[in-house]
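Participant: So the chains spell out like this:
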Amino acid sequence: MSGLTREDIVRQLRERIVAFATSRGVRESAEDFAQDVLMVLHEKYPHVTELTELVPLSFQILRYKMLDQHRKMMRRGEYNQESIDDHPLVDSSDDPSIQVEQKERVTQLIAALQQLGERCQKLFRLKLEGHTFPEILNIFGERSINTIYTWDSRCRKQLLALMGGHWEAQPIGGNVQRRKRETEG
Amino acid sequence: MSKSWEQILGGYATDTLTEEEKRQLFEAALHDQALFDTLADEEALKALLADPQARQQILESLHASGISQETVASRPRRVRWFRRPSTLAWAGSLAAMGLALIFGWQMEKDWAPLIQQEQEVERSVSEKKVKDDKQEAFRALPAPLENREQVAALQSRDEIPFPSVAKLPSVPAVVPEADDDRADMAESVDHLRQVQGALEEYRRVPEEEGGPLSPFMEDQVVQDSKAFVDASQSQVEPQVQPSIMPEADEVGQSEAFKLAPARELAAAQVAKEEPLPPPGALDLFYAGIGADKQKTLESKLDSKNQTFAKVSNEVSMSEAKEENSLITQGNRVGGEALIQRAKGIRYSFLRTSAKKEEELADGQNITGDWRDVRLAIEPNEAGFLYVFAHVGMGKWQQIEGTTRLERRGNPEDGNVQAFQSVEFRLGVITNRFGQLVISSVVVLLSPTAIENVGKWLNGSVSLSELQIERTDDSVYVVRPNPTLDTPLRVDITLEE
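As they're listed, the protein sequences go chains A and B. If you read the first sequence in the working numbering, its first letter stands for residue 1, the second for the next number, and so on. If you read the second sequence in the working numbering, its first letter stands for residue 1, the second for the next number, and so on.
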């Protein structure tokens with residue numbers, strides 16, 4: 001059990017989130033991202049105090065916040081400077097673009113997985129089936145858990161490379177906008 | 001980011017980390033910005049895999065892929081077993097051992113003949129050493145004047161009386177000046193003793209059976225005894241050439257002595273009046289050799305009669321001459337009745353060992369470098385000896401020969417004496433690696449000089465005309481038909 005209190009964890013989370021957002025090109029709103037995440041944690045999840053729950057929860061919130069930010073920028077035409085009238089209004093139901101995007105990413109992920117070796121595919125399949133690393137160790141009949149860790153690390157890097165270096169589709173307009181701002185600045 | 005944490009990142013997206021792994025990973029992420037960033041990036045994959053529909057889709061694709069891979073590679077276990085490092089190590093070790101065995105076997109195959117040759121050389125060296133020791137022991141004997149008494153003592157000890165000509169050992173009494181040749185004299189004495197013993201044995205057989213003594217063997221003894229006398233005489237007068245077969249080399253003489261068993265058989269069978277077996281090439285090669293020797297001896301004895309009389313105190317020259325002539329006459333009659341000499345050659349291969357010693361080589365088992373191999377040919381008749389190698393396109397290359405003992409140069413115009421050994425260097429028909437470029441040579445022996453050599457080189461020799469006999473170190477080839485006056489042609493295959 002970790003000796004960190006919730007306040008300690010939240011304080012450190014704030015620093016990490018600001019740094020992460022800054023590194024991802026949203027320097028101006030990095031503080032806002034961190035503030036928003038902490039606000040959600042404080043208001044909606046005050047009962048979550050465990051490190052193993054709090055940190056992934058903050059990652060999840062952070063991701064949603066960043067996706068919202070991207071969508072807002074898309075709507076505002078900040079990426080491609082298109083007229084807002086050309087875009088449909090936001091539907092309260094499931095976002096079809098997100099669904100399509102996710103479908104594309106699944107297809108891309110399957111294609112990448114097909115290119116992996118037999119062992120990597122088996123490893124990924126076992127993980128998707130819910131097997132932990134110790135269980136995978138027994139299935140493979142290996143003696144050391146470090147062998148499984150090493151195999152998984154190599155397979156993950158290989159898969160990430162096949163996916164283009166990102167798990168998430170990169171907003172093309174975002175890159176264009178960022179380069180434009182850097183040029184003007 | 002610590003490498004250890006990076007290794008378990010893959011379990012975060014699939015949510016398969018244990019509680020302990022999660023706790024350690026997230027705690028580390030709070031202190032490590034790189035790990036935190038990576039985990040934040042992994043969130044996208046985690047969200048994707050969190051969707052049950054997407055997860056199922058991916059799983060199905062992986063199952064399908066796994067099944068197809070298993071069907072494609074269903075030699076699985078064996079292949080997997082073979083790919084294990086331990087298995088590979090064993091396989092490598094076995095392969096290395098196999099290679100070592102093959103290499104060793106090949107080395108044994110290649111080097112065994114050489115090792116055997118070296119052993120033979122060592123053996124010959126040790127034998128020579130023993131022989132030298134004997135000579136040293138002989139030299140340690142009292143003064144040469146006492147040799148006479150030594151011989152007499154040996155005679156009395158063995159209780160073998162010398163034949164009449166065997167009284168000649170008294171001659172060494174006048175050899176005191178020839179101190180350096182005492183060892184040779186010792187050999188001669190030993191040899192005389194052997195011949196004498198053999199003669200006595202042969203004499204005993206007919207005496208027991210009441211038949212006459214074979215003149216054949218007596219001739220041999222007489223020839224040898226006279227050779228001894230002549231050798232002694234030559235020591236007194238070094239300018240005088242040896243009287244018996246002055247051109248013949250040691251091999252020729254030793255071969256003549258090797259005839260003893262064959263002649264023993266012939267003499268015994270004549271004594272028993274049994275039919276003789278057909279003579280072999282070796283017998284035909286040396287047949288009638290006594291007559292030639294005697295003829296040479298007589299001429300030498302005539303010319304040196306006066307000198308011989310001076311040095312011989314106990315031997316009556318006229319007596320010896322009379323006896324020799326009688327024996328020779330008997331030999332001629334008996335020899336012609338037994339075996340008639342046929343024109344032929346004796347050839348062998350010589351090479352110089354690593355210890356710079358000359359040794360006989362088996363022509364069929366010569367391996368390695370042929371550059372130092374020599375073909376030694378010895379005709380049994382005086383004449384002209386030629387050796388040619390066919391270099392292709394109908395062209396022939398003559399190989400020059402050298403006399404074996406003197407090595408002073410080529411025999412003049414190929415003219416050689418009977419039983420004179422001539423050596424022909426085979427290095428002239430090898431490449432720079434010592435490998436033969438020509439697999440056979442042709443030997444021509446003619447009583448007169450051959451003017452048109454090509455006439456006799458082209459075509460092939462009829463083996464039915466020749467009789468061939470192999471011994472351990474030599475090959476005898478004779479042409480039994482004495483009526484043919486054409487040159488004797490012998491094709492010698494150089495085995496490699």
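Because the hints were derived from the structure by calculation, they are not lab data. Some clues are possibly wrong.
[Unchecked claim] With a straight-line Cα cutoff of 30 Å, these simulated DSS-like cross-link-like pairs (lysine-lysine) come out:
(1) B:46 / A:72
(2) A:122 / B:355
(3) B:22 / A:44
(4) A:122 / A:72
(5) A:103 / B:355
(6) B:22 / A:122
(7) A:157 / B:22
(8) A:44 / B:46
(9) A:157 / B:355
(10) A:103 / B:22
(11) B:395 / B:134
Participant: Does each hint fit the structure? Answer for all of them.
Facilitator: So, going through the hints one by one against the coordinates:
1. B:46 / A:72: Between residue 46 of chain B and residue 72 of chain A the Cα gap is close to 23 Å, so the pair holds against 30 Å.
2. A:122 / B:355: 72 Å, violated
3. B:22 / A:44: Distance of about 23 Å is within 30 Å: holds.
4. A:122 / A:72: 40 Å, violated
5. A:103 / B:355: 90 Å, violated
6. B:22 / A:122: 22 Å, holds
7. A:157 / B:22: Holds - the C-alpha atoms of residue 22 of chain B and residue 157 of chain A are around 20 Å apart, at most 30 Å.
8. A:44 / B:46: With a Cα-Cα distance of about 22 Å, the restraint between residue 44 of chain A and residue 46 of chain B holds, given a limit of 30 Å.
9. A:157 / B:355: Roughly 71 Å between the alpha carbons, so the hint for residue 157 of chain A and residue 355 of chain B is violated.
10. A:103 / B:22: 29 Å, holds
11. B:395 / B:134: 53 Å, violated
The structure shown violates the earlier hints numbered 2, 4, 5, 9, 11.
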